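Chemist: Going down the list, the protein sequences come from chains A and B.
The opening position of the first sequence corresponds to residue 1 in my numbering, with each subsequent residue numbered one higher.
The opening position of the second sequence corresponds to residue 1 in my numbering, with each subsequent residue numbered one higher.
Certain hints may be false.
Here are a few chain B residues that face chain A, going by a calculated C-beta distance under 8 Å [as the list claims (entries may be wrong)]:
1. V18
2. A22
3. A23
4. S40
5. I303
6. P357
7. S387
8. G388
The following label-pair restraints were derived from C-beta to C-beta distances [unchecked claim]:
9. A:M1 x B:L233: 31 to 37 Å
10. B:K115 x A:K364: 44 to 50 Å
11. A:G360 x B:K125: 35 to 41 Å
12. B:K47 x A:K171: 23 to 29 Å
13. B:K115 x A:K130: 27 to 33 Å
These are calculated hints, taken from the structure and not from any lab test.
Quick caveat: nothing in here was measured; it's all calculated off a predicted structure.
All residues carry an ideal CB built from backbone N, CA and C; glycine is no exception.
Number of protein chains: 2
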Amino acid sequence: MKAEIISVGTEILMGNIVNTNAAYISAGLAGLGISCYYQSVVGDNDKRLVEVFNEAAKRADIVILSGGLGPTEDDLTKETVARAMDKELVLDDKAWKQIQKFFEKRNLKLTDNNKKQAYVPKGAKVMYNKNGTAPGIIMESDTVTAILLPGPPGELIPMWDDQVTPYLREKSGDVFFSETVKICGSGESFVETDLKDLIDAQSNPTIATYAKTGEVHVRVTARAESEKDARKLVKPIVKEIKKRFGSKIFTTDDSVTLEASVMQLLNENRLTLSTAESLTGGMTTGRLINVPGASDVIKMGFITYSNKSKRKYLGVKRSTLEKYGAVSEQCAKEMVKGCAAAAKSDVAISLTGIAGPDGGTDEKPVGLTYIGVSVLGSIKVKKFLFSGEREKIRESAVAAALTLLRQCLLENLTERTFADKQ
Amino acid sequence: MKAEIISVGTEILMGNIVNTNAAYISAGLAGLGISCYYQSVVGDNDKRLVEVFNEAAKRADIVILSGGLGPTEDDLTKETVARAMDKELVLDDKAWKQIQKFFEKRNLKLTDNNKKQAYVPKGAKVMYNKNGTAPGIIMESDTVTAILLPGPPGELIPMWDDQVTPYLREKSGDVFFSETVKICGSGESFVETDLKDLIDAQSNPTIATYAKTGEVHVRVTARAESEKDARKLVKPIVKEIKKRFGSKIFTTDDSVTLEASVMQLLNENRLTLSTAESLTGGMTTGRLINVPGASDVIKMGFITYSNKSKRKYLGVKRSTLEKYGAVSEQCAKEMVKGCAAAAKSDVAISLTGIAGPDGGTDEKPVGLTYIGVSVLGSIKVKKFLFSGEREKIRESAVAAALTLLRQCLLENLTERTFADKQ
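One chain only, chain A, in its complex shape (with noise of 0.2 Å):
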């Protein structure tokens, strides 16, 4: 089966927005089996989109638009497919209400253009939206299939997992299992090298590597005749992956991320948990605190980014931050032992460094952090060098700090679990 990928949005041919959602669909779509040859971007154009649209349907057995669903004047992906494809719109009741209710739920205003959205293609599948208004639509004639999704990734990702996914996968003959094996704290190169020869070797399962700030996720994708066949075939793979890299491995369960494998951990083994930010200003709390069940965990969360406040709340010694500066291994050191005391957690964590653009300087420059991590009272501070724009470095330090939370919870619980056994 052959899908195709048209992006719909001038702001993409303009280079306003770097086109995302076409990598995301394609990686969906090669996780399904599904061949991809052909990617476009086209505008909010009548005539140049039916004329793209035509010519995938020629080629395509699948096409996946993007964009264009918007309740304005220049979203005319839905009116113009539906035209191309010789189907008439009619309000959706459902979709019309979910829209109102939307609206209801802000105290907005309704306008005429919202109406627009709840209009869809006279017997196609209605994809309905979680996170915005604008709903999903699968059109399906003899020769093709249309499928049409939002444009922001916050409601196109969620509604492509959710209802585009299985609607594939049974419409592919064969059936597709794939299982993602997610590491952590190994760089993509490194996880390329290290599977070289199962990658090389590759034909069915099938293996790609995926690279996320601070994480590489290895999708093991098998085709067979049924579930239980393909995941006969993905099993040895998976299992020699795991073999390679160990304890690097977070998770094997594609909806775990590397948060919430760490509050997992702390879960189970009935840690609270407190954090200590400065360059990080909460990016890493604000991570941790998005897995459900955070309030069970997380105690407090101090944003020292003054060094005022790192004495006044952390404890952080005047003589420390005078003598080796607040990005310094003993400034995160002193960081992580106040937060934990003062939060009276099992464990914490501490974040320092230079996020730039300013304040570098040969011995301490832009990127430098110290991240320090306390579990029941014994520390561990490592010091990284990030590069990047501060946004980058920020998040790239968020990713290890969570990395090294999981490496010090790990060892010191098999410490422990050792201890017991004696």
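Fit chain B to the given chain A structure using the hints.
Modeler: Showing chain B alone in chain A's frame:
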């Protein structure tokens, strides 16, 4: 003049990498006033590349290709396009010498493959590559110009800036100028409705709206013979938009974010800020601290996810938590009051809400959020009801907090200026 972009690489079609090159080239073309109506991605496949190139060559005056100039077998962009344009490949001595030098410098062994990169279409303009081995190429025929660029952004970007841009500037007549008006606290459909007459009447300049969580960006773009003339066309439209949205406009500078505009307001008025976050758990402060120079403004951030920490660090009354609960107007008020007092800051914000998926009731549903702002002692608390998944709710809350903070600052500052005038 019309251009098209073709990105060559199976890794893009597999979703292994995001196509940032196309965004960079598109932005460059827009800046030069060259229209780009299509972007395409095709794999390292001779047949399909010829097909896509010929289609593009029919539609555009300039076809820009990136990727597939490497030394390996499957790098075939140059060979394919040269054949499509009926050009013979000949060895370019300068390119060959540079490649040899590149390898010597790095003590790398030269392989026969590498000589392949030194062959260029007869009569082509060769763009020598300071950052890699593949030279860029400009091939002209009577009907179309093909510009071939290496795929790695570290090679493509400098080659684009230093060699392609001057070439295209000379080739193209008109110039584009864009200004972006960024609005907070209004939905996209509202903005569209309020601008409908301008949008319906648009031709040159064009007006486009882009939605972002909690923000709408309106981009006004004009084409003219000189930047001066283009600016003249943009100015009255931007002025009219400013008149209609007033203080909801936080910037007309494309590079200024909402958090940066808030930090600037605080900075200019020498006001310090502290934060108390519950449901957002540090995300709000994390965004603010992403602004360079944040350390002069932000005194302290409290991530008080638990009731206990709300009491201990912010002085929220036990009775308040018992009577009204943590997600209440009263709690948000005491949080922001206690936050400003503890941190001794001029300004403070507080967020408390139910991010879900659990914890919602009929009376207090998931998404219910209270945001408090204190500016020099005058406190305002606003109620919100956000929808979507946990992460979406929290992102919406962050945007709403920044918008409310900005609004309260403006109100308060104008009051002060007014008072000064008495």
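Chemist: Hints broken by the structure, by number, lowest first?
Modeler: The structure conflicts with hints 9 and 13, although it agrees with all the remaining ones.
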